[in-house]
Amino acid sequence: MFTQVHSLMVLAFSAPERFEPKLPPSPFFWMPNQATVYSEGVDSLFNLLVWISVISAAGILAAMVYFCAKYQAPKRGAKALSQVDHHNTLEITWSVGTLVVCLAVFAWGFKDYLSERTGPKEAYEIHAQGQKWNWTFTYPNGFVDSTLHVPVNTNVRIVIRSIDVIHSLYIPEFRVKMDAVPGRYTTLWFNATKEGTFPVDCAEYCGTHHSDMLSEVTVHDARGFEKWLADAAKAMDNKPPVELGELIYKTRGCANCHTTDGSPKVGPSFKGVWGRKETLASGESISVDENYVHESLMEPQAKVVQGFAPVMPTFKGQLSDKQIAGVIAYLKSLK
Amino acid sequence: MAAPSTTADVMAAPAQRGDDNYLTNEKGIVSWLTTLDHKRIGILYMMCVMGAFLLGGVFALLLRTELLTPGPTIVGHDTYNKLFTLHGAVMVFLVIIPGTPAALGNFVLPLQLGAKDVAFPRLNLASWYLWVIGALFMVASLVTNAVDTGWTFYTPYSTSTTTSVIPALFGAFVLGFSSIFTGLNFITTIHKLRPPGMTWFKMPLFLWALYSTAVIQVLATPVLGITLLMLIVERAFGIGIFDPALGGDPVLFQHFFWFYSHPAVYIMIVPAFGVVSEIIPTFSRKRIFGYKLIALSSVSIAILGFLVWGHHMFVSGQSVVASSVFSAITFLIAVPTAIKVFNWISTMYKGAIHLDTPMLYALAFLWVFTIGGLTGIFLAVMSVDVHLHDTYFVVAHFHYVMMGGAITAFFGGLHYWWPKIFGRMYNEKLGRIGAVTVFTGLNVTFFPQFILGTRGMPRRYYNYLPEFQSLHVLSTIGAYILGIGFLITAIYLIASLRKAYDAPANPWGANTLEWRTVSPPPYYNFHHTPTVTEGPYDYENWAYNEKTGGYERTDGPTELTA
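Chains as they are written, first to last, in the numbering used here: chain A, 1 to 335; chain B, 1 to 562.
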């Protein structure tokens, strides 16, 4: 039935244009795939809690249903069979019992959390940056990408920062999550055990396109990872400017707010933007040229086009001169 | 409970209903807007809270409809973000926080004390006006540009968004004062106006719950007020407190916010404990099991509730030591909470259970609150919370507690006290149908969200991966069932108001003082202050009278109003 509903909906509403990470099917009912060492520990404790909950809830439901059936008043106003209102042994048992179970569960969770937060001394370090509304990952060789790639069976530490509001880096298959807080660094680490591609989400609400702030993580075998990194960096260096600019447009968050088909979104469309006369919020008018594009990337709030909110994040320090030149070339190509 | 101290007065003919009860003793809208009568103020609150509940409910249905498909369905990104913000803010600040204490509590608290009114009737009216002003600011924000920050107002998003955050913040700030005044009033009333014979441990558990709630309201709400004010100052004047661009610390806001908002969770749920503690013994015709432990567990939850705010921040970058302490104390709260559930269940053992509408709501509460409580343990465990934090699992958990717990208990209390408040019985059959529909709807709505959460669906998502669609569709169907349940409830409750007075003084055979006066009560509640000799849950001296459809004392007059 749901598939039918689905196909009807798809007919009625066209699918959104956005990056959609692959979600491989999971062998478990509750949890997604286990792709790290840590996720196995989390799931064991989670499963224990599920059983504790099922048994407690079933016990309470059984008592409720049984008492309602057995002790239902034969007629309105019937008297109770007993007025017993305390039982010390019973009350002490269930209080102490609850406490003991809770402390045991706390201790287990504490142990796992401590190891997740402390992490190994030696780890492959990747920097992640959140900004409205995309993630970028900087590898040790300086290569920047919008998706995360990691080698399998290797300790990886992600150093996280945000340049605007709070985001949260969340990889469900790894069972890890850490907020990206402006003004400070946070870290998380993992050791991926399963090759494949998994979604990366933003879990802290960050505005209009919060739900589109998606990426994906690809776990490679050790040699595959080295090769990917070398090839990707080389490809980036050798791209013609227009293609480089298009890549930047697609992978660094520009496409979330600026279309290439002429329809305005959060920001003005890039279609035919080159040389266009724009009226600014201040009432002045400018025409879009190299200097305006450069300024808008570095100080986006300096000259905002009338009718649009001043919400664009800065790209200062994030794009090389070559990449900026690529963006300019790409904008020129969008007639 | 209250054996009349003198018999001469109460042997006189019972007061005639309909001529000078509190609903009719003064006429005209002005008499309502200037009333100092706690019963009328309770009704003013009730109408406003119900209006807000309708508004918040419509937002919820729009949200759920939008989530029928993974992409755009009926509204755009920004509208969706505003809808979930307003749904949360309205339900928390305008409905659940004032719901049970200010609407039902205002009506019932002085009656359960055998008092004529609360300690400060003028302050009581002032808190209602503050509620109205706060609500108007919220609505003003709605019609200007709305808010899209989530009800949590996290910085620096809330200081940088272009939506109209300041009116909403100011609204919440004013609503805070309304809450503080109500709390202050209730604490004073319970301390000073208890009738002769009513020692602390002879108080109905609803009063213990309202007392614990009032303590939290008075101690925690000022922190929210100051925090919201700081946020307004930062937004309006650019003074750096929370925004790192101005030299502030965004995580400090989360500490301040949850220092209030975690105790606020108990402002919402502890009164529900009180309602359920009244309904279950009454409809089981049996003394409540473990009275003292239930009373003291409300107090201990109120105190411990101040020390756990950091469990909302396990992935915020907070230190491991701080998180561990917060997690450990959170587990301690599980103990008094579990004790309550066990005691309620034990109260039913060997009772004479009457499955009327209020009892159905209380049983529904027991089930959904158990689920809400148990899933809280998942979130208190640090390692598991790292995965579940900010996913639909959290959404499902707090809706089971807030919607399933607080709102279900509120509706249980509304049905329980309805005959007393308005002097009319509602259609019992429709009442039961409504209760079962609401119970079904809320499980169908929120249970699938647990699965969405564990599978990794983050909350506050407008678009989502197509793999999650079937569970979202199920959840939306549940929301429509809930809507139908509440619609049925609204219809028969309003219909009952068109009838002549037909409710007996004590339709359920409860032994707290509000049932010892006429339904609806006269303006002065009681002719004189009753003396309490029995416990609040002793039902031996009540017998059912088929002719009146109510219970009557076997050892003297039922009504102490003559």
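Certain hints may be false.
Every beta carbon over 12 angstroms from chain A, so not counted as near; a handful from chain B, in silico [unchecked claim]: (1) D20; (2) L55; (3) T199; (4) I232; (5) V341; (6) L355; (7) T375; (8) M382; (9) V384; (10) A495; (11) G535.
Just some of the chain A residues that point at chain B, by a computed CB distance under 10 angstroms [stated by the list, open to error]: (12) P27; (13) F29; (14) P32; (15) V96; (16) V150; (17) L188.
It should be emphasised that the hints constitute simulated quantities derived from the structure, not laboratory data. Even glycine gets a Cβ: it sits at the ideal position worked out from N, Cα and C.
Verification of the supplied hints:
{"no.": "1", "hint": "D20", "verdict": "31 angstroms, holds"}
{"no.": "2", "hint": "L55", "verdict": "22 angstroms, holds"}
{"no.": "3", "hint": "T199", "verdict": "17 angstroms, holds"}
{"no.": "4", "hint": "I232", "verdict": "18 angstroms, holds"}
{"no.": "5", "hint": "V341", "verdict": "7 angstroms, violated"}
{"no.": "6", "hint": "L355", "verdict": "7 angstroms, violated"}
{"no.": "7", "hint": "T375", "verdict": "7 angstroms, violated"}
{"no.": "8", "hint": "M382", "verdict": "4 angstroms, violated"}
{"no.": "9", "hint": "V384", "verdict": "5 angstroms, violated"}
{"no.": "10", "hint": "A495", "verdict": "23 angstroms, holds"}
{"no.": "11", "hint": "G535", "verdict": "9 angstroms, violated"}
{"no.": "12", "hint": "P27", "verdict": "12 angstroms, violated"}
{"no.": "13", "hint": "F29", "verdict": "8 angstroms, holds"}
{"no.": "14", "hint": "P32", "verdict": "5 angstroms, holds"}
{"no.": "15", "hint": "V96", "verdict": "9 angstroms, holds"}
{"no.": "16", "hint": "V150", "verdict": "18 angstroms, violated"}
{"no.": "17", "hint": "L188", "verdict": "9 angstroms, holds"}
Going through the hint list in order, the structure does not satisfy hints 5, 6, 7, 8, 9, 11, 12, 16.
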